[in-house]
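Chemist: So the chains spell out like this:
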Amino acid sequence: MPSLLIADHQNTALVPATRNAATACAALGEETHILIAGHDCTAAAESAAKIAGITKVLIADSPAYAHLLAENTAALIARIGSAYRHILMPATTNGKNILPRAAALLDSSMLSDIIAIKSPDTFKRPIYAGNAIATVQVADERILLSVRATAFDPAAESTTAAPIEPIEAGEDLGISRFEREELSKSDRPELTEARVVISGGRGLQSGENFQLLYDLADKLDAAVGASRAAVDAGYVANDLQVGQTGRIVAPQLYIAVGLSGAIQHLAGMKESKVIVAINKDPEAPIFQVADYGLAADLFQAIPELTTKLP
Amino acid sequence: MQILVPVKRVVDYNVKVRVKPDGSGVELDNVKMAINPFCEIAVEEALRIKEKGHATEVVVASIGPAHCQEQLRSALALGADRAILVQTDSTPEPLTVAKLLKALIDREQPGLCILGKQAIDGDNNQTGQMLAALTGWPQATFASEVTLNDDQAQVTREVDGGMQTLSLKLPAIITTDLRLNEPRYAALPNIMKAKRKPLATLTPEELGIPIEHRLTTLKVDPPPQRSAGIMVESVDALLDKLKNEAKVL
Ligand SMILES: Cc1cc2nc3c(=O)[nH]c(=O)nc-3n(C[C@H](O)[C@H](O)[C@H](O)COP(=O)(O)OP(=O)(O)OC[C@H]3O[C@@H](n4cnc5c(N)ncnc54)[C@H](O)[C@@H]3O)c2cc1C
Ligand SMILES: Nc1ncnc2c1ncn2[C@@H]1O[C@H](COP(=O)(O)O)[C@@H](O)[C@H]1O
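Keeping their order, the protein sequence lines are chains G and U.
Counting from 1, position 48 in the first sequence corresponds to residue 655 in this note's numbering; the numbering is continuous, with no gaps.
Counting from 1, position 149 in the second sequence corresponds to residue 148 in this note's numbering; the numbering is continuous, with no gaps.
Where hints are given, some of them may not hold.
Said to hold, decoys possible - Stretch by stretch, here's where chain G covers chain U in the computed footprint (C-beta under 8 Å, at least three residues):
#1 6-17
#2 113-125
#3 213-221
Hints were generated in silico from the structure; no laboratory data involved.
Just so you know, these numbers come straight off a predicted model, no measurement behind them.
Backbone N, C-alpha and C fix where the C-beta goes; we use that ideal spot for every residue, glycine too.
Same shape as in the complex, but just chain G (with noise of 0.2 Å):
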């Protein structure tokens, strides 16, 4: 029985995260089909369509998918996905929206979240903020997956396109309405994809000084970060809150500034390939993680590595 790909999407591209979720899809063996629910998602399925491993595109257009909203959205997916063994999104903040809504009317357990896959059946996914990891076995008929990206590489691209095939949406169900949406606007790389993640905590002590951050992650191709104190005090926007309850990173290269390193920091990036910590305080938990900790103030220390750099 194929495995059913729920995409995570602008309409106009695919979420990368979307990728992710079809590598976790190839590996339970079967073949894939991709669903894009959206309104004018012509661009996305067609990128969709040369994912390798995709062999089927189903679209729904209509403005009732226009912003993915749950009610919508998991009605679809509970229409069409009785034909399917697995159900699976990214858990991205859509993934974590529509698919428990879409189990509960399928009457079918999901597990959030999964890092690994064992079998068809059993699954490895992080409870307690990633400070234990369980192996799950699911016995039900149909299984709903959340995939963590940071777990599974992207799928690569294929040279031919998949079909794609048009289904019928269904109605909007107008209990909730999208009423606006404020989106940070970055010409950075994305936290969650970069190559590279500054993040920042209290020790940067306003705004303002998250200013050196952004100069050092110009340097480097960056993206910056936050601990959830930074972002409480309102020094930056929520949603660059790195961890167990904000956005789950692995860059090759993550720098921890004026940063403590609570657990439920370290749940969102300690699967980072290198993590470098410079806080003043030589006791701070965060050098426990770090490859290469710099007792300093950051202060003096930031604009320094900033100099150095080319």
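Guided by the hints, dock chain U with the ligands onto chain G, whose structure is given.
Modeler: Below, chain U with the ligands without anything else, positioned relative to chain G:
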């Protein structure tokens, strides 16, 4: 209007959780337990809505062993009006929790149900969305601002890349994110008063929902440990290591 707030008893967020040597689970003996932080935020939001005159009663509910009474009493001390414990010694899965909460909603007929976005033990982030499906109600997850007027809720949500605002027809399901509010502390007289507030106990059987188990945890492992790193003395030394040893620059 009644607001129903499901609260979960979990290991306190300050505890460094350890995996049992036999891999059967995590060490929970003599560990400090607390209300799940996101549920505390949910209780606070419900109280604020009531204080603004948009609700008449805040009911808190927990599903779990008799010990959950402690967390329900804490929620009553914060200001909730009454509590319901659905008592069971088995650990129900999110779908079953959602079914039990749906049965409670059928009995209590709240106009709004506010849950935490995730419980910090299982990190599932599923129950609110599943409950919304079972009730057929609209949902706004990861809320950072909630405004009620007439029969609508306007909710600003924390999403990848920024903020999104939805309006929902009541009754509705809302799940809380960290920045929705800062929960109050319970004052001592309220802790005393909470002891006399009503706390009803029900069983899953009385609600007509059998506890099923479709998920089996085969084992629990500690996460892979990172090998110990080194301290460097200067920015120059750091740059040298990143270039020549780690080769990431
Ligand atoms: C339910 C829940 C969920 C949470 N989820 C998250 C999450 O997803 N992500 C997250 O990050 N946190 C999360 N937290 C919060 C977490 O517990 C910590 O409170 C938070 O990570 C601390 O942020 P911080 O390290 O910036 O601040 P602090 O712990 O205050 O650390 C500041 C650090 O800066 C250093 N410093 C100060 N000045 C300088 C200087 N001049 N130069 C160098 N170093 C300096 C200090 O030595 C200190 O170590 C959560 C908490 C709860 C309860
Ligand atoms: N056993 C439980 N008792 C009461 N509420 C629960 C229980 N389990 C989950 N919830 C609610 O559902 C939210 C999300 O939990 P979860 O889906 O398990 O991450 C929690 O913050 C609670 O509001």
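Chemist: All hints are to be evaluated individually against the structure, with a verdict given for each.
Modeler: Status of each hint after checking the structure:
Given as covered by chain G, the segment 6-17 of chain U passes the check, having 5 residues with a CB less than 8 Å from a CB of that chain where 3 are the minimum. Only residues whose C-beta sits within less than 8 Å of a C-beta in chain G count toward coverage, and the segment 113-125 of chain U has 9 of them, enough to reach three; the restraint holds. Evaluation of the coverage hint for the segment 213-221 of chain U: fulfilled, as 9 residues show C-beta separations to chain G shorter than 8 Å, against a requirement of three.
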